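Participant: Next come the chains, spelled out residue by residue.
There are 2 protein chains.
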Amino acid sequence: MRSHYCGDLRKEHVGEEITLNGWVHRRRDHGGVIFLDVRDREGLTQVVFDPDREESFALADSVRNEFVIEVRGLVRDRPEGTVNPDMPTGEIEVLGKELVILNKAETPPFQLDEHQQVGEDVRLRHRYIDLRRPEMQDKLRFRSKVTNAIRNYLDDNGFLDIETPILNRATPEGARDYLVPSRTHEGSFFALPQSPQLFKQLLMVAGFDRYYQIAKCFRDEDLRADRQPEFTQIDIETSFMDEEAIMGMTENMIRELFQNMLDIDLGDFPRMPYAEAMQRYGSDKPDLRFPMELVDVADLMAEIEFKVFAGPAKDPKGRVAALKVPGGAQLTRKIIDEYTKFVGIYGAKGLAWIKVNELEKGAEGLQSPIVKFLGEDVAMKIMERLEVQNGDIVFFGADKEKVVSEALGALRIKVGEDMNMAQCEWAPLWVVDFPMFEETDKGGVTALHHPFTAPSCSPEELKANPLTALSRAYDMVLNGCELGGGSVRIHDQAMQKTVFDVLGISDEEAEEKFGFLLNALQFGAPPHGGLAFGLDRLIMLMTGTESIREVIAFPKTQSASCMMTEAPGEVSAAQLRELNIKLRKTP
Amino acid sequence: MRSHYCGDLRKEHVGEEITLNGWVHRRRDHGGVIFLDVRDREGLTQVVFDPDREESFALADSVRNEFVIEVRGLVRDRPEGTVNPDMPTGEIEVLGKELVILNKAETPPFQLDEHQQVGEDVRLRHRYIDLRRPEMQDKLRFRSKVTNAIRNYLDDNGFLDIETPILNRATPEGARDYLVPSRTHEGSFFALPQSPQLFKQLLMVAGFDRYYQIAKCFRDEDLRADRQPEFTQIDIETSFMDEEAIMGMTENMIRELFQNMLDIDLGDFPRMPYAEAMQRYGSDKPDLRFPMELVDVADLMAEIEFKVFAGPAKDPKGRVAALKVPGGAQLTRKIIDEYTKFVGIYGAKGLAWIKVNELEKGAEGLQSPIVKFLGEDVAMKIMERLEVQNGDIVFFGADKEKVVSEALGALRIKVGEDMNMAQCEWAPLWVVDFPMFEETDKGGVTALHHPFTAPSCSPEELKANPLTALSRAYDMVLNGCELGGGSVRIHDQAMQKTVFDVLGISDEEAEEKFGFLLNALQFGAPPHGGLAFGLDRLIMLMTGTESIREVIAFPKTQSASCMMTEAPGEVSAAQLRELNIKLRKTP
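Chains as they are written, first to last, in the working numbering: chain H, 4 to 590; chain B, 4 to 590.
The hints are simulated quantities; they were obtained by calculation from the structure and are not laboratory data. All values reported here derive from a predicted model rather than from experimental measurement. Certain hints may be false.
Identical copies go unnamed one by one, so any copy, or any two together, can satisfy a pair.
[Unchecked claim] In silico BS3-like cross-links for lysine-lysine, where the CA-CA straight-line distance does not exceed 30 angstroms: (1) Lys107 <-> Lys500; (2) Lys107 <-> Lys466; (3) Lys588 <-> Lys358; (4) Lys219 <-> Lys148; (5) Lys585 <-> Lys219; (6) Lys148 <-> Lys288; (7) Lys466 <-> Lys500; (8) Lys310 <-> Lys364.
Start from the sequences, fold in the hints, and give me the full structure.
Facilitator: Okay, structure coming up:
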């Protein structure tokens with residue numbers, strides 16, 4: 004067994020006889036001497052073998068990259084002129100005395116430092132090699148430290164770590180549920196949990212007061228770049244605390260985490276109502292690193308003849324907004340075309356713009372394909388409202404409210420990134436005062452969060468004006484990402500029934516799907532609320548990682564398969580028979 | 004929000020104005036005054052309402068058991084003569100000033116202190132009420148403390164908490180696997196993991212050096228009293244450590260845990276080879292709290308005419324053993340009949356016995372139905388070997404080795420418990436030197452642990468004598484329960500192939516099922532090994548709990564269903580269609 008990790012050796016160890024275990028990271032011949040860079044979890048150390056020790060020299064000569072070895076030797080100063088200041092162990096080297104080859108290695112399918120040249124497929128197929136890369140080692144170690152820090156914070160604050168089941172009840176309409184056929188109950192299925200929501204509420208009814216769990220959750224949906232079929236949630240629930248107290252405690256947890264892990268002070272998180280976030284930033288998770296804001300100009304456009312603007316300006320569900328980009332007049336036609344394509348992703352049918360060249364010339368000084376349609380007077384009123392300066396560009400969106408907000412909201416961030424406009428590295432906030440419900444495309448009503456979220460009004464008011472009712476929900480946002488979200492929950496059976504009613508869930512359906520919750524609410528449910536953080540997302544943000552697959556040891560691909568184990572796989576007819584199912588079509 | 008937990012109030016708080024949140028545990032009228040015992044997670048406090056404060060008195064009069072309330076009031080000494088030394092808060096009471104009813108409660112289906120009169124069914128159906136019982140609160144809180152302590156121990160020792168997937172690869176022959184149909188890969192299935200075994204080995208190949216995870220595992224089998232379809236494992240794996248080091252570190256973890264959580268010193272754990280455990284205790288997890296041992300007497304029986312003993316005595320796969328119970332001559336016929344039935348569970352066809360009444364009279368002084376078949380001479384030789392004394396009873400087993408060991412091994416513990424023969428409260432040990440393989444009933448060979456366990460011999464020796472080869476496995480046993488088990492793993496591809504070969508797994512099958520492991524072994528796999536503890540079992544032992552369902556918040560029944568949520572449930576035909584499966588029979 005090792006006496007030291009490779010990466011831990013320093014000048015203070017000079018003169019010590021040590022033992023290392025690790026992998027041959029690199030092998031060099033130089034001046035009749037063999038240099039092995041030996042790697043373990045903690046880093047690299049250079050080990051030197053000279054021909055005086057015949058046996059170990061011959062062995063050292065025979066090793067290849069990724070061989071697993073044990074080395075005994077003497078730590079010494081590196082000869083003058085060979086100190087490597089870029090390596091933490093660069094001041095010393097080990098004079099190798101004994102070498103044992105613990106395991107040989109075939110030439111790996113890719114060298115660790117050449118991972119970018121090989122496709123992600125190859126790396127995922129040989130994940131056990133890919134994970135040897137120092138970046139991957141660092142990220143997963145960081146993840147482990149983060150979960151440990153969070154657990155200790157919650158433990159110190161009286162939270163109990165309680166496990167909830169993975170084999171949950173499947174229900175009809177369980178879209179996105181992964182199903183598990185039951186062998187003992189023919190024709191019945193378990194569902195893997197999308198979150199422990201109901202169980203954590205029941206733990207509050209049971210009086211546990213403060214619960215947490217770092218919980219695996221599952222969602223069977225078509226995967227976007229940043230989703231995984233199984234993901235991990237830091238799941239929190241408390242009793243007898245209102246939204247202020249819950250936000251305060253969890254904000255403090257995240258602040259301490261950033262302070263302790265990254266030495267970053269996030270400061271106090273500002274609060275912003277949902278309506279304001281949508282209006283100013285076109286997003287319910289605004290990225291406040293960028294100062295630009297959307298400005299509404301529908302009132303100035305309502306009376307013009309140009310239908311593209313006037314139509315949405317007069318439509319109560321429409322929006323006309325402008326985004327001023329300081330210094331954006333320099334943007335080329337090509338870049339503007341790219342942005343036009345970009346907002347198209349969000350449904351925008353085009354991207355009107357005005358460049359401000361010489362404001363002192365009035366409308367003459369504006370360069371734009373649309374000024375002639377707006378009329379000079381309206382154009383100048385808009386310029387005035389936006390307080391433009393020479394060299395700015397103004398982009399416009401005019402469409403349904405959702406399209407304009409999403410398109411300009413996304414453009415705001417894209418331009419901000421492209422033009423390096425971030426004014427700070429970290430911009431956290433709370434978004435609050437969400438609507439309880441939103442209209443569906445079919446004119447129905449759906450819960451913006453989930454149907455267990457408490458409204459901030461009475462059941463009567465909720466029933467009278469569901470679409471204007473606000474909820475007691477809150478989302479923690481960092482740099483335009485939703486880190487976590489939660490709410491005060493409904494603890495009153497009558498209120499819960501009202502919400503089901505507004506959502507068009509019949510009494511029978513409510514009883515069938517949530518009977519146990521409704522039951523629980525009548526036997527002394529305390530006021531309660533909580534929050535869930537996405538752990539994968541949190542680690543991505545903290546480590547500056549673009550892909551979720553880089554913060555998970557064994558991730559799935561976008562088609563929800565594992566390249567390494569080739570999951571999912573085929574099973575035997577006998578197995579299916581035991582589960583009382585059969586394949587509809589044979590593959 | 005509360006200023007104090009109910010259970011935390013003490014004499015030092017007298018004179019303070021405090022706020023409590025909790026449940027009405029009991030309500031009493033006494034001398035025109037109302038007493039409410041208010042309960043929260045930390046305990047009970049008595050709150051007194053007197054008629055002077057009309058409003059709160061009326062409210063206090065209206066509350067019923069399990070109402071959720073907030074109380075503001077003044078802590079004061081209890082009047083002389085009413086101090087309750089059995090309650091931690093029994094020296095004080097709270098004079099209630101304000102009372103708010105936060106939620107009402109219907110009369111619960113059972114009172115918390117009457118849980119034993121209602122069936123487990125009713126309690127599991129209303130688990131959120133059952134969990135309010137102080138015992139359940141204590142057990143789940145204890146469980147949370149244990150996992151936190153274990154995590155911190157492992158974190159302090161450089162172990163990284165790394166999550167492995169729940170959606171794993173299904174394979175044909177995956178008996179006991181829960182299956183999850185894939186929507187994106189028609190006709191393919193995921194399997195829920197029985198353990199993270201292969202992933203943790205791959206993490207070692209990836210160089211993480213020390214891994215742990217408190218991991219959910221799944222097994223679809225007919226449930227015995229102490230099993231659950233989903234259970235939790237403390238899963239540990241290390242590189243470059245041999246069995247001594249791994250056992251040392253994990254033994255220390257368990258010792259510290261018992262010391263810190265229960266103030267119990269387990270001392271050093273003795274080691275016992277598997278063969279010795281089977282011989283002396285008839286079990287691979289001997290309960291060393293009881294001193295009795297099995298004594299082999301086949302050599303004395305081989306030549307007698309009585310076939311029941313002589314047959315197994317001469318059979319190389321047979322065993323004839325005796326169990327001396329000091330003071331057991333007092334056992335009644337009825338109890339002996341019960342024991343006879345008991346050993347029948349393990350396949351024993353009967354239970355022969357000899358009572359030692361007056362040893363000084365020789366065979367005359369023995370009372371037994373079998374002495375006449377043994378012959379007096381043999382009977383006395385057995386008595387001599389067993390060093391019997393007057394008042395003892397000797398039980399006999401004669402059958403296949405497995406039957407005798409299991410039957411007498413179990414009887415040993417049963418008698419030990421019945422007669423209070425435990426010599427200590429805690430008896431830990433390591434069982435080591437397990438055989439690599441055992442013969443199956445069909446004459447084949449199966450792995451005693453799993454096929455990734457390293458043997459303590461060369462591939463050649465293993466191949467030549469598979470049934471006598473020993474493995475580098477180890478089990479930690481406490482009071483006759485297997486707390487955890489593990490082994491040094493195979494890190495050499497050739498050795499792994501040899502083991503598959505001995506097990507009759509063809510190259511194709513090995514490639515199909517474990518190709519990724521075999522692949523990984525050729526790219527620089529370090530020597531590695533590990534261990535997994537059953538967390539549920541550990542908590543049961545530490546809290547003295549008989550049923551696994553008492554240490555899990557939301558357990559399944561023995562038919563693998565959840566009484567509360569009624570899982571598993573039915574799903575729609577559309578859901579199944581999307582998964583490309585259909586039911587074989589409609590239920």
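Participant: First find the shortest C-alpha distance between Lys585 and Lys219 inside one copy, then the shortest across copies, and answer within, between, both or neither for a cut-off of 30 angstroms.
Facilitator: This pair counts as both: shortest intra-copy Cα distance 28 angstroms, inter-copy 28 angstroms.
Participant: Up to 30 angstroms between alpha-carbons, please classify Lys310 paired with Lys364: within, between, both or neither.
Facilitator: within (27 angstroms within a copy, 120 angstroms between copies)
Participant: Within a copy, between copies, both or neither: where do Lys148 and Lys288 come within 30 angstroms Cα-Cα?
Facilitator: Within. Shortest intra-copy distance 27 angstroms satisfies the 30 angstroms Cα cut-off; inter-copy 36 angstroms does not.
Participant: When no copy is specified for Lys219 and Lys148, does a C-alpha distance of 30 angstroms or less occur within a copy, between copies, both, or neither?
Facilitator: Both: 18 angstroms inside a copy, 21 angstroms across copies.
Participant: At most 30 angstroms between C-alpha atoms: does Lys107 with Lys466 qualify within a copy, between copies, both, or neither?
Facilitator: between (71 angstroms within a copy, 23 angstroms between copies)
Participant: When no copy is specified for Lys107 and Lys500, does a C-alpha distance of 30 angstroms or less occur within a copy, between copies, both, or neither?
Facilitator: between (66 angstroms within a copy, 16 angstroms between copies)
Participant: With identical chains treated as interchangeable, where does the CA-CA distance between Lys588 and Lys358 reach 30 angstroms or less: within a copy, between copies, both, or neither?
Facilitator: neither (59 angstroms within a copy, 69 angstroms between copies)
Participant: As a check of your reading, is Lys466 near Lys500 (CA-CA no more than 30 angstroms) within one copy, between copies, both or neither?
Facilitator: within (11 angstroms within a copy, 68 angstroms between copies)
Of the numbered hints given earlier, the model fails hint 3 alone.
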